[in-house]
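Please work from the sequences and hints to get the whole structure.
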Amino acid sequence: MKTVENTREIKRTQISISGMHCASCASLISKALQKTQGVKSVNVNYAAAKASVEFDEKKTDEKKIIEVIKSRGYSALVGVDHEHESLVREREIIELRNLLVFAAALSLPAFLLGMFLMEFPYRSLLLFLLATPVQFIAGRGFYLGALSALKNRTASMDTLIAIGTSAAYFYSIAFLFGLVEEQYFETAAVLITLVILGKYLEARAKGRTSQAIRKLMGLAPKHAIVIRAGREMKVPISEVRVGDIVLVKPGEKIPVDGIVLEGKSAVDESMITGESVPADKSKGMKVVGASINKNGVLRIKAMKIGKDTVLSQIVKLVEEAQGSRADIQRFADAISAVFVPVVVAIAILSLAVWIMLGQTFSFALLTAVSVLVIACPCALGLATPTAIMVGTGIGAQRGILIKNAETLENMHKINALIFDKTGTITEGKMNVTDFVPLEGAHDATALSLAYSVEANSEHPLADAIVNYAKGEGAKKQKTSSFRAVPGHGVEAMVGKERVYIGKPKGTHAKGKIVSLIARLEGEGKTVMVLEKNGKPSAVIGVADVIRKTSRAAVAELQKLGISSWMITGDNKRTAAAIARLAGIKNVFAQVLPKDKAEYVKKLQKKGMKVAMVGDGINDAPALAQADIGIAMGGGTDVAIETGSVIIMRNDPLDVPRAIKLGRATINKIRQNMFWALVYNVVGIPIAAGVLYPSFGILLSPIIAGGAMALSSVSVVGNSLLLGREKL
Numbered sequence: 252m253k254t255v256e257n258t259r260e261i262k263r264t265q266i267s268i269s270g271m272h273c274a275s276c277a278s279l280i281s282k283a284l285q286k287t288q289g290v291k292s293v294n295v296n297y298a299a300a301k302a303s304v305e306f307d308e309k310k311t312d313e314k315k316i317i318e319v320i321k322s323r324g325y326s327a328l329v330g331v332d333h334e335h336e337s338l339v340r341e342r343e344i345i346e347l348r349n350l351l352v353f354a355a356a357l358s359l360p361a362f363l364l365g366m367f368l369m370e371f372p373y374r375s376l377l378l379f380l381l382a383t384p385v386q387f388i389a390g391r392g393f394y395l396g397a398l399s400a401l402k403n404r405t406a407s408m409d410t411l412i413a414i415g416t417s418a419a420y421f422y423s424i425a426f427l428f429g430l431v432e433e434q435y436f437e438t439a440a441v442l443i444t445l446v447i448l449g450k451y452l453e454a455r456a457k458g459r460t461s462q463a464i465r466k467l468m469g470l471a472p473k474h475a476i477v478i479r480a481g482r483e484m485k486v487p488i489s490e491v492r493v494g495d496i497v498l499v500k501p502g503e504k505i506p507v508d509g510i511v512l513e514g515k516s517a518v519d520e521s522m523i524t525g526e527s528v529p530a531d532k533s534k535g536m537k538v539v540g541a542s543i544n545k546n547g548v549l550r551i552k553a554m555k556i557g558k559d560t561v562l563s564q565i566v567k568l569v570e571e572a573q574g575s576r577a578d579i580q581r582f583a584d585a586i587s588a589v590f591v592p593v594v595v596a597i598a599i600l601s602l603a604v605w606i607m608l609g610q611t612f613s614f615a616l617l618t619a620v621s622v623l624v625i626a627c628p629c630a631l632g633l634a635t636p637t638a639i640m641v642g643t644g645i646g647a648q649r650g651i652l653i654k655n656a657e658t659l660e661n662m663h664k665i666n667a668l669i670f671d672k673t674g675t676i677t678e679g680k681m682n683v684t685d686f687v688p689l690e691g692a693h694d695a696t697a698l699s700l701a702y703s704v705e706a707n708s709e710h711p712l713a714d715a716i717v718n719y720a721k722g723e724g725a726k727k728q729k730t731s732s733f734r735a736v737p738g739h740g741v742e743a744m745v746g747k748e749r750v751y752i753g754k755p756k757g758t759h760a761k762g763k764i765v766s767l768i769a770r771l772e773g774e775g776k777t778v779m780v781l782e783k784n785g786k787p788s789a790v791i792g793v794a795d796v797i798r799k800t801s802r803a804a805v806a807e808l809q810k811l812g813i814s815s816w817m818i819t820g821d822n823k824r825t826a827a828a829i830a831r832l833a834g835i836k837n838v839f840a841q842v843l844p845k846d847k848a849e850y851v852k853k854l855q856k857k858g859m860k861v862a863m864v865g866d867g868i869n870d871a872p873a874l875a876q877a878d879i880g881i882a883m884g885g886g887t888d889v890a891i892e893t894g895s896v897i898i899m900r901n902d903p904l905d906v907p908r909a910i911k912l913g914r915a916t917i918n919k920i921r922q923n924m925f926w927a928l929v930y931n932v933v934g935i936p937i938a939a940g941v942l943y944p945s946f947g948i949l950l951s952p953i954i955a956g957g958a959m960a961l962s963s964v965s966v967v968g969n970s971l972l973l974g975r976e977k978l
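Our numbering puts the sequence shown at residues 252 to 978.
One or more hints might be untrue.
[As the list claims (entries may be wrong)] Restricting the straight-line Cα-Cα distance to at most 20 Å, the calculated cross-link-like pairs of lysine to any residue (SDA-like) are:
#1 LYS654 - ALA871
#2 LYS473 - LYS552
#3 LYS537 - VAL548
#4 LYS321 - GLU343
[Stated by the list, open to error] Between beta-carbon pairs, the in silico distance windows are:
#5 GLN922 - ASN837: 31 to 37 Å
#6 ILE954 - LYS473: 45 to 51 Å
#7 ARG479 - GLN855: 54 to 60 Å
#8 ILE954 - PRO472: 48 to 54 Å
#9 ASN718 - ILE510: 21 to 27 Å
#10 ASN682 - SER732: 26 to 32 Å
#11 GLY738 - ASP531: 33 to 39 Å
#12 ASN837 - ASN682: 23 to 29 Å
Since the hints were derived computationally from the structure, they do not count as laboratory data.
Think of the CB as a built atom: it goes at the ideal place given N, C-alpha and C, for glycine as much as any other residue.
Written as structure tokens, this is what we have:
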């Protein structure tokens with residue numbers, strides 16, 4: 252999928268790049284693009300093999316950007332779809348596997364011959380014949396990469412491998428001519444094989460980090476049944492147009508975002524929104540592509556297709572998050588920029604020092620080769636992006652969309668969280684919570700009267716009573732003389748009975764009804780009284796009830812060390828009642844929507860790092876003011892601009908889950924960075940022989956090469972362990 256965004260003259264595009272072998276390659280491309288006129292910002296992601304570029308289209312264009320990348324020796328394309336990218340990755344893995352088999356088939360006998368069969372006839376010649384194809388056929392890519400880096404006046408991991416193995420190989424050539432006393436053909440061959448093995452394992456592991464994107468793309472159906480000229484036609488999804496009538500049978504995936512024209516069904520949207528309960532759909536209701544039609548036949552008018560569908564927007568958002576740069580990555584980039592030259596300098600220094608200390612040239616050469624091959628800039632380059640790719644992917648699969656790496660990085664800093672009440676803590680709609688017939692009133696009769704009168708009103712409280720009555724199977728009677736009493740309630744004639752429903756009157760200040768009204772109001776509910784011919788018949792309690800998981804979400808946040816707050820425009824009594832039910836101790840009541848951001852500022856001025864949870868529409872200023880804005884309950888609306896996190900389900904528990912995911916991702920990045928740094932800081936000096944004088948410990952180049960091959964794989968593997976985190 253081609254990803255391009257426009258903002259006036261500034262354009263953002265994502266480019267697929269092939270041929271990057273390590274973090275130094277990504278750094279080289281980034282520097283080249285940053286020097287290109289018109290380019291505003293660049294982020295080259297080695298793990299994802301992509302570059303995100305913002306540029307002024309008046310000064311440059313995508314073609315020029317592609318040319319700059321190609322001039323550095325890499326392949327680049329704009330508009331490569333995910334299916335093609337998967338094929339490219341699979342081809343890369345197959346090529347590496349074939350190269351590995353070829354190299355291993357020659358280096359294994361070379362290793363056995365070089366290490367164990369010392370008296371074998373023509374041993375040195377056989378080693379030369381076995382090692383040479385490995386050096387120049389299997390190792391061809393390292394030489395090409397090193398030459399490309401040299402042309403660009405830089406160095407990469409290919410440079411280290413090419414220099415290290417060439418030193419061992421050509422020293423062995425000198426042995427054939429009797430110029431030196433030892434040969435290391437098997438060392439050069441095994442080193443190249445081990446590096447290829449590491450590349451193969453790394454490619455497979457990196458492929459798994461982008462599984463989430465592939466799974467999301469795999470949700471989209473390949474074909475659709477459209478009705479044209481009265482005929483049903485099965486066409487590729489790419490041929491469906493806006494306005495087409497699409498027929499979806501039971502068990503089939505809905506191919507487009509659209510509106511139901513005919514039919515009723517339950518639709519499973521769990522793969523998009525994470526909601527486990529199928530949603531009932533009927534005429535006039537919206538449906539989203541990739542959801543599954545469970546039972547009835549639906550006729551749907553296509554409203555959004557291709558890149559405009561909800562699924563495509565989700566994929567785009569996840570891609571942008573995976574391509575974003577965390578602040579911690581800048582540290583890794585700074586090290587990677589000087590890493591290879593420093594390692595080459597250490598190798599040369601090691602060679603010189605050991606010769607000056609009286610060791611043989613072959614001994615000194617082996618330490619230098621070990622230094623060159625144990626060094627691994629790739630582990631540093633993979634530490635951050637692989638964790639971000641896995642973390643954002645896991646979030647997307649669970650209905651938690653994280654917009655950028657900076658948000659993930661800030662999650663662990665949050666220590667205060669403000670919930671907007673309506674639609675987050677509560678369901679956002681009025682429900683009848685209590686219907687209490689008074690002495691002498693019959694339940695069914697009283698509910699029927701309430702239903703009959705309120706069916707004439709469009710007030711939200713009336714809707715709550717009507718829906719409740721329908722659910723209870725109440726009968727609706729004919730009414731007359733209906734009128735609304737502003738600020739009080741409604742009244743009408745039901746048969747010969749005059750019925751009033753509304754606020755409690757002064758005449759209700761006597762008897763049992765008084766304590767009942769007081770109790771319901773104390774619980775934060777709106778109280779109405781049903782009168783029949785001036786006599787109270789029932790008391791009705793209506794409230795925006797809290798969500799089932801609100802209290803559990805607040806408890807989880809408390810376990811994470813985060814204090815919860817609730818903000819609402821309701822009066823203090825109602826706010827306190829809702830907060831008490833949710834387990835929230837801190838409340839801001841009677842706050843106007845436009846003032847909510849000020850309350851976020853108040854906590855920030857106290858030194859708190861604040862997350863704000865709202866609906867993403869009415870709470871936009873507060874979400875923007877917060878350190879992290881979380882828009883909850885967007886369902887299939889992923890185009891919410893405010894908020895750096897979108898929670899697609901109406902489940903408050905997804906809020907602590909999002910924070911746990913952010914913390915787990917940052918922990919993985921720190922673990923990866925620690926491993927990559929410790930590996931190089933400890934491994935390079937040991938390879939140089941610092942432990943040899945005191946302990947007699949010296950790494951052979953083969954062991955050093957094996958360690959390097961596994962270092963990158965271990966970093967990627969550690970990132971993949973995020974999938975096992977309990978959220």
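Is LYS473 close enough to LYS552, meaning Cα to Cα at most 20 Å? holds (18 Å)
Holds or violated: 48 to 54 Å for the Cβ distance of ILE954 and PRO472? Holds, since ILE954 and PRO472 (Cβ atoms, about 52 Å apart) stay within the stated range.
So does ASN718 sit 21 to 27 Å from ILE510, Cβ to Cβ? holds (23 Å)
Take the C-alpha atoms of LYS537 and VAL548, compute the straight-line distance between them, and say whether it is at most 20 Å. holds (15 Å)
Verdict for ASN837, ASN682 (Cβ pair) under range 23 to 29 Å: holds (26 Å)
Holds or violated: are the alpha carbons of LYS654 and ALA871 at most 20 Å from each other? holds (16 Å)
Take the C-beta atom of GLN922 and the C-beta atom of ASN837, compute their distance, and say whether it sits inside 31 to 37 Å. At roughly 34 Å between Cβ atoms, ASN837 and GLN922 fall inside 31 to 37 Å, so the hint holds.
If I claimed the Cβ atoms of ARG479 and GLN855 lie 54 to 60 Å apart, would that claim hold in this structure? holds (57 Å)
Using the beta carbons of ILE954 and LYS473, state whether their distance is inside 45 to 51 Å or not. holds (50 Å)
Tell me if the beta carbons of ASN682 and SER732 are separated by a distance inside 26 to 32 Å. Holds, since ASN682 and SER732 (Cβ atoms, about 29 Å apart) stay within the stated range.
Against the range 33 to 39 Å, how does the distance between the Cβ atoms of GLY738 and ASP531 compare: consistent or not? Check passed, 36 Å falls within 33 to 39 Å.
Given hint GLU343 paired with LYS321 - CA-CA distance at most 20 Å: holds (19 Å)
Of the numbered hints listed earlier, not one is contradicted by the structure.
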